[in-house]
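Produce the complete structure using the sequences and hints provided.
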Amino acid sequence: MAAIVELNYFNSYWIKRIATGDLCRTITANDSSGNEQNYEVTNNEPTFTWPGPINDGDAEIVPGLPTDSICSSLEAGSPSFMNQNYYLEESRIRGGYNNTSTDLGVKAYLNEKNPLQKERSNALIYSGLFNSNTNFNATNSFPAGDSITKAVNPANGSVQKLYAEDTNLIIFQEDKVSRALIDKDAIYSAEGGGSITSSNLVIGQIVPYVGDYGISNNPESFAVYGYRKYFTDVNRNAVMRLSRDGLTEISNYGMVDYFRDSLSTFTLNPNPKVTSIPITNVNIREDNTTLVLNNINNLNLIDVGSVITIDTGGGNVTSVGVVVSIASNKTGYGGTIPNASQMVVKSDNTLPALSSGDVLNFVSKTKPRILGGWDIYTKQYHLSLQTGDSYWSTQNQNTFNTLAFDESVLGWTSFFSYNPSFMSSLKNSFYSTNQGSLYKHNVDTGSNREVFYGIRTPAEVTFVFNPQPDLSKNFLTMSYEGTNGWECTSMVSEAQSPTARYSGGYDFNNFSTYVDTISPIKSYIEGAYDSTPTSIGGPLYGTSIAVPPIYRNGFDRKENYYVASIKSNSPTRPKEIQFLGVNTNEQSAGIKANFATVTFRTDGSTQVGGMKELFAVSTTFSRSGF
1 MAAIVELNYF NSYWIKRIAT GDLCRTITAN DSSGNEQNYE VTNNEPTFTW PGPINDGDAE
61 IVPGLPTDSI CSSLEAGSPS FMNQNYYLEE SRIRGGYNNT STDLGVKAYL NEKNPLQKER
121 SNALIYSGLF NSNTNFNATN SFPAGDSITK AVNPANGSVQ KLYAEDTNLI IFQEDKVSRA
181 LIDKDAIYSA EGGGSITSSN LVIGQIVPYV GDYGISNNPE SFAVYGYRKY FTDVNRNAVM
241 RLSRDGLTEI SNYGMVDYFR DSLSTFTLNP NPKVTSIPIT NVNIREDNTT LVLNNINNLN
301 LIDVGSVITI DTGGGNVTSV GVVVSIASNK TGYGGTIPNA SQMVVKSDNT LPALSSGDVL
361 NFVSKTKPRI LGGWDIYTKQ YHLSLQTGDS YWSTQNQNTF NTLAFDESVL GWTSFFSYNP
421 SFMSSLKNSF YSTNQGSLYK HNVDTGSNRE VFYGIRTPAE VTFVFNPQPD LSKNFLTMSY
481 EGTNGWECTS MVSEAQSPTA RYSGGYDFNN FSTYVDTISP IKSYIEGAYD STPTSIGGPL
541 YGTSIAVPPI YRNGFDRKEN YYVASIKSNS PTRPKEIQFL GVNTNEQSAG IKANFATVTF
601 RTDGSTQVGG MKELFAVSTT FSRSGF
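Going by the numbering used here, the sequence shown opens with residue 1, and the numbers climb by one from there.
Hint data in this document are derived by calculation from the structure and do not stem from the laboratory.
Owing to the predicted nature of the structure, the values given are computational and were not obtained by experimental measurement.
Each hint should be verified, as a subset may be incorrect.
Unchecked claim - Restricting the straight-line Cα-Cα distance to at most 20 Å, the calculated cross-link-like pairs of lysine-lysine (PhoX-like) are: (1) 367 to 273; (2) 176 to 150; (3) 379 to 440; (4) 427 to 440; (5) 161 to 367; (6) 184 to 150; (7) 161 to 150; (8) 176 to 161; (9) 592 to 567; (10) 427 to 379; (11) 150 to 118; (12) 273 to 379.
As the list claims (entries may be wrong) - Have a look at the derived ranges for each label pair, beta carbon to beta carbon: (13) 530 to 407: 45 to 55 Å; (14) 314 to 599: 53 to 63 Å; (15) 264 to 616: 45 to 55 Å; (16) 457 to 264: 25 to 35 Å; (17) 264 to 462: 17 to 27 Å; (18) 439 to 304: 16 to 26 Å; (19) 314 to 513: 49 to 59 Å; (20) 162 to 595: 20 to 30 Å; (21) 439 to 314: 15 to 25 Å; (22) 462 to 426: 31 to 41 Å.
A virtual CB, placed ideally from N, CA and C, is assigned to each residue, including glycine.
So this is what it looks like as structure tokens:
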């Protein structure tokens, strides 16, 4: 007679390799000395895929892990590649060393007569449990007869992020943040009071936090430390903190205008980016899924996820695949090949043969990223607003702004010059990644300050001189207390109200706005010069000083203060007195202003990469007699 046997379903785990470098090829390129050499490199061509042991007759073959190099080099010290990708499905309940693991077993399959896909972006579903005592694992079991779903209000958008905290589940929707009770429920009395009781429900009552805030479509902005959670709400131009006191707009701490202007532009670009590649620069490998693009000089051209289309003319455009991976021989990705300019693109579909006259297009819609991370070393929330639309984007300061929020001062303390693709803390250190490389922050070697990802960016401090705000002043001198190596790059007065341009008469169709500026004030080292006669090549400036006495054309040191005169660099305004015999662009000392915006920057000569401190900056002024 037939019997009903209860099956214990187990997850199965595997390691899968896609070998892309077993076939090698030889290229001819110039080495660092300009001599032509032969280099053996990988084809960047997938040759086989294996999901586990391979049966070869009666023998079971387990392919080995990759070595340091696949291709043997034809020249000592020449570059080689290891283009093998490994995918590992975890066998542990939480990914981590020595965490509880499960036994390997068969995968559970469900055969339905009418397998219809349903997408509920506002609903949660939970599986069976893992019993560590019996090693019974039902985490891939979803009984259709049980009530295992829980939905939130669809009016608040889709669920973007889940975070488990103690016995609560924090649910981040586009326009709402809620808390779901786990293995417990709330009971309310007739008077409205509530109490928590145990329940056999896995997901209990969902309680929304006060305030119409959500995480929008940027779950990557989430970061957590202790009981504080940080994220951004682009729909409301706000940076949020979720803590014991509920939701707080931390963007209001001195930065409300900045985030209002910055976050308002972070939307999906409705106009797709189309990159066209000449057919003459394209080869299709033997597997018919890999494109080799030759003579590619700009790595910002193509994004993973781009739709591959072929335009055969006459408006006939056919979609043939999607970009699933990109590899390059460019410096910084897998090594350096001299004079090599190839990009290898892998498609998810078989590509048709290309004909002369066809146009190969890569079409992608880009979404700016708002990346968040917690720096456990400095106890700050780092937020990177990235408008660059490609993984290959460089450290172009115009494509990103990275800044930090400090709870100890309840304010945004600094902008940074690094553009991360991921940020996280481990133990007491803060790490970030960029273009596939891992970097450790806050490591002081004595000469690596101002350096991120190998790129040095001088530190800048911008502030405002505004003594006696109601007084029109003439700023005469400037001094600072701090270490050597600071220069004043700019000092700009407030903008005058638009005035009709004057040229023998007033033109009321042409208005001008005037500001006063100064000539940059060099640092103590770079502003120094000697008295060498010009006949023998002098005077010499900065680090090339040879003959005393030494003079200063920038900051000079007096009683451990660095002082300098302020010299105007503004042209004469209409009806303004001009002093005879004085250069038009350096007509007088000082600038006239009610207030002035000043920028200090570290120079490029004084202990580059060393510590620089700036304690205080002051100015002397007189009342304007204008």
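Hint by hint, here is what the structure shows:
For the suggested pair residue 367 and residue 273, the alpha carbons sit about 11 Å apart, so the restraint of at most 20 Å is met. For the proposed pair residue 176 and residue 150, the alpha carbon gap of about 16 Å is at most 20 Å, so the pair holds. For the suggested pair residue 379 and residue 440, the alpha carbons sit about 15 Å apart, so the restraint of at most 20 Å is met. In summary, the hint linking residue 427 to residue 440 is supported, as the alpha carbons are separated by about 12 Å, within the 20 Å threshold.
Between residue 161 and residue 367 the CA atoms are separated by roughly 18 Å; this keeps the pair inside 20 Å, and the hint holds. Distance restraint check for residue 184 and residue 150: the Cα-Cα separation of roughly 14 Å lies within the 20 Å cut-off, and the hinted pair is therefore satisfied. For the given pair, residue 161 sits about 15 Å from residue 150 by alpha-carbon distance, which is consistent with the 20 Å threshold. Note on residue 176 and residue 161: the hinted pairing holds, with a Cα-Cα distance of about 11 Å set against a maximum of 20 Å.
The hinted pair formed by residue 592 and residue 567 meets the criterion: a straight-line CA distance of about 11 Å does not exceed 20 Å. Under the criterion of a C-alpha separation no larger than 20 Å, the hint pairing residue 427 with residue 379 is consistent with the structure, at around 13 Å. Taking the CA atoms of residue 150 and residue 118, the gap is about 15 Å. The hint holds against a cut of 20 Å. Restraint check for residue 273 and residue 379: not satisfied, since their Cα atoms lie roughly 39 Å apart, outside the 20 Å limit.
Checked against the given bound of 45 to 55 Å, the beta carbons of residue 530 and residue 407, roughly 51 Å apart, stay inside it. In this structure, residue 314 and residue 599 meet the distance hint of 53 to 63 Å, their C-beta atoms being roughly 57 Å apart. Between residue 264 and residue 616 the beta carbons are some 36 Å apart, a value that contradicts the proposed interval 45 to 55 Å. In this structure the hint that residue 457 and residue 264 lie 25 to 35 Å apart at CB holds, the actual value being about 26 Å.
Distance hint for residue 264 and residue 462: a CB-CB separation of about 23 Å, consistent with the stated range 17 to 27 Å. Evaluation of the 16 to 26 Å hint for residue 439 and residue 304 yields a pass: the beta carbon distance comes to about 22 Å. Range check, residue 314 to residue 513: about 53 Å between beta-carbon atoms, so the 49 to 59 Å window is met. With their beta carbons about 49 Å apart, residue 162 and residue 595 fall outside the hinted range of 20 to 30 Å.
Here the CB-CB span from residue 439 to residue 314 is close to 50 Å, at odds with the stated 15 to 25 Å. Distance hint for residue 462 and residue 426: a CB-CB separation of about 33 Å, consistent with the stated range 31 to 41 Å.
Violation of the numbered hints given earlier is confined to hints 12, 15, 20 and 21; the remaining hints are satisfied by the structure.
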